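Peer 1: Here is what each chain is made of, one letter per residue.
Protein chains: 2
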Amino acid sequence: MAFKVEQALHMVGGAGETSYATNSRIQEKAIYRTKPILETAIAELYGKLLPERMVVVDLGCSSGPNTFLVVSEVLGIVGDLRRRLEQKPPEIQFFLNDLPGNDFNNVFRSLERYEKMMEEEKGDLLVPHYVVGAPGSFYGRLFPCNTVHFFHSSYSLMWLSQVPQGLESEQGVPLNKGNIYIAENSPPQVVKAYQEQHRRDFSTFLKSRYVELSIGGGMVLTFLGRKSEHPASGELSYLYGLLAEALNAMVSQMTDDVIKYIIIDVKREGERNHGLYICLGPVAWSSAAAKHDKLLKDRHK
Amino acid sequence: MAFKVEQALHMVGGAGETSYATNSRIQEKAIYRTKPILETAIAELYGKLLPERMVVVDLGCSSGPNTFLVVSEVLGIVGDLRRRLEQKPPEIQFFLNDLPGNDFNNVFRSLERYEKMMEEEKGDLLVPHYVVGAPGSFYGRLFPCNTVHFFHSSYSLMWLSQVPQGLESEQGVPLNKGNIYIAENSPPQVVKAYQEQHRRDFSTFLKSRYVELSIGGGMVLTFLGRKSEHPASGELSYLYGLLAEALNAMVSQMTDDVIKYIIIDVKREGERNHGLYICLGPVAWSSAAAKHDKLLKDRHK
Numbered sequence: 013m014a015f016k017v018e019q020a021l022h023m024v025g026g027a028g029e030t031s032y033a034t035n036s037r038i039q040e041k042a043i044y045r046t047k048p049i050l051e052t053a054i055a056e057l058y059g060k061l062l063p064e065r066m067v068v069v070d071l072g073c074s075s076g077p078n079t080f081l082v083v084s085e086v087l088g089i090v091g092d093l094r095r096r097l098e099q100k101p102p103e104i105q106f107f108l109n110d111l112p113g114n115d116f117n118n119v120f121r122s123l124e125r126y127e128k129m130m131e132e133e134k135g136d137l138l139v140p141h142y143v144v145g146a147p148g149s150f151y152g153r154l155f156p157c158n159t160v161h162f163f164h165s166s167y168s169l170m171w172l173s174q175v176p177q178g179l180e181s182e183q184g185v186p187l188n189k190g191n192i193y194i195a196e197n198s199p200p201q202v203v204k205a206y207q208e209q210h211r212r213d214f215s216t217f218l219k220s221r222y223v224e225l226s227i228g229g230g231m232v233l234t235f236l237g238r239k240s241e242h243p244a245s246g247e248l249s250y251l252y253g254l255l256a257e258a259l260n261a262m263v264s265q266m267t268d269d270v271i272k273y274i275i276i277d278v279k280r281e282g283e284r285n286h287g288l289y290i291c292l293g294p295v296a297w298s299s300a301a302a303k304h305d306k307l308l309k310d311r312h313k
Numbered sequence: 013m014a015f016k017v018e019q020a021l022h023m024v025g026g027a028g029e030t031s032y033a034t035n036s037r038i039q040e041k042a043i044y045r046t047k048p049i050l051e052t053a054i055a056e057l058y059g060k061l062l063p064e065r066m067v068v069v070d071l072g073c074s075s076g077p078n079t080f081l082v083v084s085e086v087l088g089i090v091g092d093l094r095r096r097l098e099q100k101p102p103e104i105q106f107f108l109n110d111l112p113g114n115d116f117n118n119v120f121r122s123l124e125r126y127e128k129m130m131e132e133e134k135g136d137l138l139v140p141h142y143v144v145g146a147p148g149s150f151y152g153r154l155f156p157c158n159t160v161h162f163f164h165s166s167y168s169l170m171w172l173s174q175v176p177q178g179l180e181s182e183q184g185v186p187l188n189k190g191n192i193y194i195a196e197n198s199p200p201q202v203v204k205a206y207q208e209q210h211r212r213d214f215s216t217f218l219k220s221r222y223v224e225l226s227i228g229g230g231m232v233l234t235f236l237g238r239k240s241e242h243p244a245s246g247e248l249s250y251l252y253g254l255l256a257e258a259l260n261a262m263v264s265q266m267t268d269d270v271i272k273y274i275i276i277d278v279k280r281e282g283e284r285n286h287g288l289y290i291c292l293g294p295v296a297w298s299s300a301a302a303k304h305d306k307l308l309k310d311r312h313k
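Which chain is which? The protein sequence lines are A and B, in order. Okay, so the first sequence: first residue is 13 according to this note's numbering, each after it adds one. Okay, so the second sequence: first residue is 13 according to this note's numbering, each after it adds one.
Think of the hints as simulated: they come from the structure by calculation, not from any bench. Careful, some of the hints might be misleading.
Copies of the same chain look alike in the list, so a pair counts if it works inside one copy or between any two.
[Stated by the list, open to error] Lysine to any residue pairs mimicking SDA-like chemistry, simulated, CA-CA at most 20 Å apart: (1) Lys219 <-> His141; (2) Lys100 <-> Cys157; (3) Lys100 <-> Arg65; (4) Lys100 <-> Asn158; (5) Lys219 <-> Pro140; (6) Lys128 <-> Tyr151; (7) Lys219 <-> Glu103; (8) Lys128 <-> Arg153; (9) Lys100 <-> Pro156; (10) Lys128 <-> Pro112; (11) Lys134 <-> Arg153; (12) Lys100 <-> Glu224; (13) Lys204 <-> Leu169; (14) Lys100 <-> Gly135.
Predicted, not measured: the structure shown is a model, and the values here were computed from it.
Take these sequences, add in the hints, and give me the full structure.
Peer 2: Have a look at this one:
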């Protein structure tokens with residue numbers, strides 16, 4: 013593939029109508045629903061360590077209202093705990109992580125407004141904290157050894173680090189033609205290729221976090237899975253199916269000259285009607301990608 | 013003043029012709045010239061602590077080639093030292109700090125290219141490191157207590173945190189009319205107002221860093237001063253004088269409707285011919301600012 017997912021992949025920046033910031037309700041709900049789990053995990057960690065300083069990392073923070081939602085929840089939980097345990101408030105250093113293409117400018121420029129709001133809301137009860145941005149792929153090392161107390165990640169770990177290898181036959185024939193993920197008509201090799209990519213990615217993720225976590229630290233990871241054993245069933249596969257159809261229809265009507273822009277633009281667009289942002293980075297590009305690669309090769313001949 | 017300096021002040025983002033990235037040769041030279049001081053400071057710190065992990069902060073990192081120049085220098089110095097002392101390489105965590113309006117997106121997106129270049133250049137000798145962005149004013153707390161080994165700041169500490177108070181008489185008459193900083197014709201009250209602002213700012217700066225520095229830590233701070241005792245002499249005052257003239261000429265020809273845009277734009281423009289970026293955030297706005305404030309007041313009547 014000509015694309016490097018880490019460079020190209022990001023949610024739509026800014027705060028406009030099609031931005032991730034205004035289209036991230038599902039992700040917001042997920043954070044609220046997992047709050048009890050977050051509370052238990054942080055209570056356990058805090059009660060055990062009673063740290064003077066805590067390092068908390070949000071992996072895949074994106075750029076929008078949910079970015080600070082996690083910060084608020086952790087501050088609230090730790091604030092309540094330390095009062096209940098009659099401890100001096102710890103200082104919390106938050107690292108907001110996402111790929112380098114994420115709109116960190118928007119995050120940082122919203123930070124002052126957020127801090128002001130928190131100060132007005134909590135007053136003296138606000139736990140002292142510092143927010144920084146950590147760009148990079150979580151499928152690799154991001155922090156020095158033993159420096160992180162708590163990792164949080166919501167709705168991020170289902171994105172793969174790259175388009176899986178093995179989506180073509182030995183003769184170079186696309187095996188998943190017309191699809192952008194595992195679909196009803198995907199052959200078993202394609203299913204295996206995606207599963208294998210996820211296994212490799214998740215293994216790298218866990219090894220990296222294992223080294224970075226300090227003793228007594230913890231993690232809460234929330235990401236999409238499927239209830240059925242059949243890999244092509246479930247709502248997500250259906251959504252990807254629809255999106256693949258739309259993409260194919262677009263690609264079939266396009267000239268070579270605009271294909272490359274389409275691919276990039278589609279990556280930046282959301283599936284707004286479903287309230288779910290679908291980014292095509294981590295999935296196969298099928299015909300659109302093939303056409304784009306051919307275009308590039310022809311240009312460089 | 014209607015402006016909050018912390019929100020509005022930043023170097024010109026991106027990498028275009030008028031960007032800070034392409035107009036920062038003086039700042040680059042300053043970093044090269046202070047390298048021996050940096051070497052001595054880091055050698056002392058490293059030799060004393062032999063840390064497994066080091067936290068290094070660059071205050072006022074901006075967005076351009078110099079941003080990574082400091083990272084490279086520290087990596088080179090520590091790499092040489094640890095080999096000379098036959099130590100395992102430490103892990104270095106770099107915090108690049110600037111105001112939230114800085115173009116951190118540009119910094120983060122350049123990071124991958126930089127890392128690739130460093131890996132090719134240094135290979136196995138490259139000291140493991142992680143780069144993050146810390147938005148916020150250094151005239152206040154930025155990090156938890158005792159967590160930073162080394163602070164570096166070059167060409168940043170001469171910017172004040174705000175326009176000084178006391179640039180108007182008790183009757184509201186501007187005392188420094190036509191100027192944007194201390195000038196030949198500035199009355200003693202104006203000189204005192206700027207000096208007092210610097211004293212307050214620098215004191216806050218030192219108190220904050222004192223708390224954040226870990227035991228055995230150090231700092232290298234480079235910023236503009238003046239050789240003469242007379243506050244209006246020196247090249248900088250001359251440059252500000254020219255800029256004030258240009259501003260006044262512009263303001264006198266403008267209608268009220270465009271004044272506010274001019275003020276904002278001038279903040280984003282550089283004095284390219286002198287290779288020195290002059291940002292008007294931290295200095296007095298004199299007639300332009302007064303006119304702008306009057307405009308806003310009239311609108312809200």
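Peer 1: Tell me, which hint numbers fail for this structure?
Peer 2: No numbers; nothing is violated.
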